[in-house]
Amino acid sequence: MKYTITLGALAALSLAGIAPSAAAQGKPAAEKHHMKPMHAMPAMKAAPDPTTADFEKFREVLEDDNPAELFEQKGKELWTMKRGPKNASLEQCDLGLGPGVVKGAYVKMPRYFADVDQVMDAERRIVYCMETLQGFKAADLAKKPFSSDSSTPDPVSLTTYVAGQSRGMKLAIPQKNPKEREAFEVGREIFHYRAGPYDFSCATCHGEDGKRIRTQVLPNLSSKSGAMAATQGWPGYRMTGGLMHTIQWRMNDCFRQQRFPEPGYVSQTITDLLTYMAVNANGQVYKGPGIKR
Amino acid sequence: MNIRNISLLSSAAMIALLAAFPSQAQDYRAQAVAMMKRDFHAKGMAGMDRLNEDGLQAICNRTNNKPPKGIAEQMEKDEAASLKLPADGKLMGDWKSGEKIAQAGNGMTWSDKPGAPAGGSCYNCHQIGPKETSFGTIGPSLFHFGKTRGFSPENQKYAYTKIYDSKITNLCSSMPRFGHTGTLTEQQIKDLVALLMDPSSPVNQ
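Order-wise, the sequence lines are chains A and B.
Its first residue numbered 1, the first sequence is counted upward by one per residue in my numbering.
Its first residue numbered 1, the second sequence is counted upward by one per residue in my numbering.
What the hints contain is simulated information worked out from the structure, not anything from laboratory work.
The model shown is predicted, which means the values in this text are computed figures rather than measured ones.
A portion of the hints provided could be inaccurate.
As the list claims (entries may be wrong) - BS3-like cross-link-like pairs, simulated, lysine-lysine; straight-line CA separation at most 30 Å:
#1 Lys37(B) x Lys143(A)
#2 Lys170(A) x Lys103(A)
#3 Lys292(A) x Lys43(B)
#4 Lys211(A) x Lys103(A)
#5 Lys211(A) x Lys66(B)
#6 Lys96(B) x Lys144(A)
#7 Lys113(B) x Lys100(B)
#8 Lys147(B) x Lys211(A)
#9 Lys96(B) x Lys211(A)
Said to hold, decoys possible - Covered, in the sense of this in silico footprint (three residues per stretch, anywhere, with C-beta under 8 Å from a C-beta of chain A), are these stretches of chain B:
#10 46 to 60
#11 106 to 115
We put the beta carbon where it would ideally sit given N, CA and C, even for glycine.
With these hints in hand, go ahead and build the complete structure from the sequences.
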């Protein structure tokens, strides 16, 4: 909530070099692409609308050289590499369209998976595959699940890769299975559940059109167009801090702001919330991993 | 329905109201709460008890924040009963400190230091002073608050009450109950009242 993006900051960011040359230079993308100067920028204040407009302009420029693509590339390598205690790749992972089918899978998740008799979102399913196919321990993956200055966790890159394989496709989250409908309904309840010392629910901040916290626009996630914000641009390269994040991180940080305790990484609670929002957005085109302010 | 979670309800009418919502929504809500209790863990100062509703939250959750009038009035009275006005009778502190408190967005999250004074995060939701253009819009603008309403003791008391417990005048308000929950101290609330009500505060220029 602390950072505002201004023209000056944006100019400095472009000077800091965002062109995707890191891979070409043989450096791991995640390390190369930190936009640290952000924090050091003088705290300039801009009126909200110009701020957003500046960011949008900058996003358009960046979209041609989207930093998220570097993480897609890394995720693709991780997907095909033999790794983990079982020395296996993820190429047999079933994302809902059959073992090994990645194309178009992301825009159809969360969905019901018969093998676990549960609804799972993309990252939850990927972690499940890392566990079952490669022998990684979910508890280990949950220890540091979010990108930091020192590392980008593998599930983040993998999710970005999988998401990239649905670029330009329409969201088609299934609601045929009773458990899928249940996930939607339970997700709706979680979304509206007010509790904690500030009496906040998700809907306090995301329940109406056209609201803001400071200068940050809050999408109305119960509306059809607003709900797309829970999918569009995620996984996203976040300019504040210069880190690649999935929607799992966003949910974690929103629950923090809600003054709730911490939700488990890739827990059912998050799957159900994502189901609620993604179904509300069904039919809209997913543009692929993006950029967030 | 889990009656234990709503033990703070103060009258039989409210129990009856809750019982009048026996629909499927109730089952999904119970399922949602049970799921959160399974999936969440305490972190920093954010304990698992925060997942329990108090009586007011329970009513607002079950009525989509639109409680029937009689019940809202009754519960607003219950909230008012716990209002603690300053013993010295002074409702206004220093607007300069008030501005700092209004700016600070920290408080009550798992990443906040326990024991450190919380901010009010007022600018997250309100326009207040004329210099700060980075303000949110969840709440109404408070610019010229005292100037428009008048600098009367009643209006000081209204502002103090609103910040202490926003629910006294609006049961399902989106605004937190900063005094009721112990988030802000008496002195901090006085400073915020001064920010809104002191004729020399920039808010009223």
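Against the structure, the hints:
Annotation: proposed proximity of Lys37(B) to Lys143(A) holds, straight-line Cα distance about 20 Å (limit 30 Å). Only pairs whose Cα atoms come within 30 Å are accepted, and Lys170(A) paired with Lys103(A) is accepted, the gap being roughly 12 Å. Simply put, Lys292(A) and Lys43(B) have alpha-carbon atoms about 27 Å apart, close enough for the 30 Å limit, and the pair holds. A distance of roughly 36 Å separates the Cα atoms of Lys211(A) and Lys103(A); the hinted pair therefore is violated under the 30 Å criterion.
This hinted pair checks out: Lys211(A) and Lys66(B) have alpha carbons roughly 20 Å apart, not beyond 30 Å. Between Lys96(B) and Lys144(A) the alpha-carbon distance is near 41 Å, which puts this suggested pair outside the 30 Å criterion. A threshold of 30 Å between alpha carbons decides the hint, and for Lys113(B) with Lys100(B) the separation of about 18 Å falls inside it, so the pair holds. Pair hint Lys147(B) plus Lys211(A) holds up; C-alpha atoms about 26 Å apart against a cutoff of 30 Å.
Between Lys96(B) and Lys211(A) the alpha-carbon distance is near 28 Å, which keeps this suggested pair within the 30 Å criterion. Coverage of a stretch by a chain is defined here by at least three residues with a beta carbon nearer than 8 Å to that chain's beta carbons; for the stretch 46 to 60 of chain B and chain A the count is 10, and the condition holds. Figure legend: the stretch 106 to 115 of chain B, annotated as covered by chain A; annotation consistent (4 residues with Cβ-Cβ distances under 8 Å, at least 3 required).
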